[in-house]
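These protein sequence lines map, in sequence, to chains V and H. Quick note: the first sequence uses the working numbering, first residue 1, plus one each step. Quick note: the second sequence uses the working numbering, first residue 1, plus one each step.
Quick caveat, the hints were computed from the structure, so don't treat them as lab data. Note that the coordinates shown come from a computational prediction; the quantities given were computed from them, not determined experimentally. Careful, some of the hints might be misleading.
Short, incomplete list of chain H residues facing chain V, as computed with Cβ under 8 Å [to be verified]:
hint: 1; residue: G39
hint: 2; residue: F115
hint: 3; residue: Y123
hint: 4; residue: L255
Each residue gets a CB set at the ideal place from its N, CA and C atoms; glycine is no exception.
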Amino acid sequence: MDLLAALLPHLVNGVSLGLLFALIALGFMLIVGVMEQINLAHGSLFALGAYAAFVVMAGQLPLPADLLAQWKQVPAGWRYVAALVAAPIVAGGAGMLLELCLRRTYGKDVLYGLLFTFGAALVIEELIRILFGTRDYVLPLPRGIGGGFVFLDLIYSTYRVYAGLFALGAIALLWLFLERTPYGAIIKAGAHDSEMVRALGINLTRLRLWVFAFGTALAGIAGVILAPIWGIRPHMGVDAVVPAFLVIVLGGIGSFWGAVAAGLMVGMVVGLSGAYASEWSLLSMYLLLIAVVTFRARGLLGKRSVLEV
Amino acid sequence: MTGRTAPPADRDQARLFPPAMLAALVFFASVPLWIRGVGLYEYIGVEIMIWATYALAYNLTLGQTGLPSFGHGAYFGVGAYAFGLAQHGIAENLWLCLLVAVAAAALAGAAVAAFISHRRGIYFAFMTIAFGQVFWFVAVKWHSVTGGEDGLLKIRRLPVDLGVAAFDVSGNEAFYWLVFAAFALVATGLWRLVNSPFGRVLRAIKQNEARASFVGYDVWLYKFTAFTLSAGLSGFAGALFAQAQQSAFPDVMSLHWSGIVVMMVLVGGGLVSFWGPVVGVAVYFVSRDVIGAATTTWMLWFGLMFMALVLFQPEGIAGAWRHWLARARARLAAAGR
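Hey, can you work out the whole structure from these sequences and the hints?
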């Protein structure tokens with residue numbers, strides 16, 4: 001019982017991290033599902049979201065000095081809300097630009113899309129280095145969600161709990177959007193058979209553009225939420241995209257709940273192993289992956305995917 | 001050749017030493033004569049030879065078999081570490097250490113290939129990335145063996161002992177001859193392999209995997225073998241790289257560097273030409289030095305160039321060259337008539 005209690009904070013951190021991984025992975029999977037493209041720049045857009053949030057929060061906007069001074073007077077809570085709005089817009093906008101270029105590769109080998117977005121990832125990371133330098137930034141937070149609290153004699157980080165709840169809410173909203181709205185129905189249909197969707201008179205080109213924007217906007221939001229946990233630095237994109245990859249392969253490509261379950265598993269494994277051997281905690285998720293794909297080649301809930309042909 | 005002659009398009013492919021190979025070997029053999037004259041230095045030649053060996057080995061999976069491996073840095077890195085560890089732990093013998101490096105990388109490749117050889121397309125790419133990350137992560141964290149981020153240091157350039165005579169290759173110019181010989185060996189070997197019946201099956205798998213298996217080939221085994229061979233030869237290049245740098249670092253195993261080798265292969269035109277990867281590697285290193293001398297943000301410009309290339313000239317430099325050649329030939333034929 002004592003052991004369990006001692007592990008509880010790690011478990012909470014793990015669940016919170018896992019939900020965030022799932023959120024990043026779901027944005028990634030929307031794009032994989034609808035346009036059969038691996039967006040290697042997903043992590044860079046995640047980083048872009050984090051930097052956008054920092055710029056808004058810290059008031060480093062390219063505005064006249066007096067306006068900027070007024071902006072800094074705005075309560076931190078409102079500035080944080082503004083950051084939460086700005087980050088997905090920046091990331092989604094960059095994603096749209098990428099998709100406009102990526103169009104030329106549709107219908108060719110998937111490798112070209114992969115390589116194009118790899119080039120884009122290099123360029124975005126380098127742009128971040130040029131604009132912000134290589135130093136780490138800390139995202140200032142409103143007072144309400146910082147610090148820690150005590151529950152049953154154990155200290156928890158308030159922010160981790162907040163981040164987990166936020167990710168949970170975002171995943172629930174995403175599920176409602178996909179399952180309960182006509183737009184969601186079109187996206188799912190597009191992932192199933194894009195030719196048929198076109199035949200039904202839906203503008204496939206526009207659908208792909210918006211799905212790409214939407215998926216990358218999710219990465220941008222995740223960037224804001226993870227920024228205080230990981231710190232803001234140019235390399236953070238790779239730290240995010242790799243677990244997202246694992247979550248998707250683990251959960252099974254194209255499976256919503258597979259990604260959520262795999263995200264939670266990865267988060268918990270990382271969190272719990274972090275309690276004992278923090279150096280090696282990230283390795284545990286790779287071992288988990290190998291263990292799962294050995295026995296279930298298509299991941300936990302994966303079905304035969306259109307991508308395998 | 002008497003009797004039946006091969007169709008004209010295939011004649012080059014079947015030759016033991018095609019003109020492109022002779023030209024490449026003569027060109028690279030002459031590098032030490034003029035490299036300082038054009039303002040470069042021997043070490044860039046060493047880098048180009050090693051990475052060209054690596055890129056050719058990598059292209060056995062991507063260009064020849066159509067398997068998009070995106071984590072090949074792992075095998076390059078395993079080779080580098082294995083070379084260093086064998087040198088420190090077993091014996092300071094070049095041949096033995098190289099053998100250990102190739103065996104270790106091939107073993108790592110075989111282990112991964114056993115998991116993924118029934119896959120293709122995006123799923124294959126996904127899995128190679130995931131496994132590549134495993135190797136990279138272990139290299140970063142296993143401090144007592146690999147030295148972690150600090151790297152495995154004090155790897156010596158071992159003398160080339162040919163039995164009758166031993167050559168010291170610790171200088172860059174002497175070392176260039178070693179890597180040149182390694183490149184020539186791997187290039188010739190791979191050329192023979194690609195044009196053997198085995199290589200034909202690989203190309204059939206690239207074009208249509210289902211059809212190749214219907215014809216009766218054990219596609220899984222061919223993919224497994226190609227991946228393992230490619231990993232082993234990548235490890236060979238890695239062992240040379242460890243000697244060139246006189247140390248081994250986990251960087252080359254990261255997703256970033258695994259992606260860059262794909263980039264080099266594609267820029268050169270590895271998808272359509274056997275020699276494309278060599279061209280791509282040379283372009284990468286020379287432009288790194290030339291653009292890098294002018295601006296510190298060279299990765300930005302190289303990345304943008306690469307993005308444009310993927311969109312507008314996806315067959316790379318070799319593809320562009322072929323188009324140009326075909327058009328020139330057509331023009332000549334039209335003028336002659």
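Going through the hints against the structure:
{"no.": "1", "hint": "G39", "result": "26 Å, violated"}
{"no.": "2", "hint": "F115", "result": "7 Å, holds"}
{"no.": "3", "hint": "Y123", "result": "6 Å, holds"}
{"no.": "4", "hint": "L255", "result": "6 Å, holds"}
Against the hints set out earlier in the document, a violation occurs for number 1 only.
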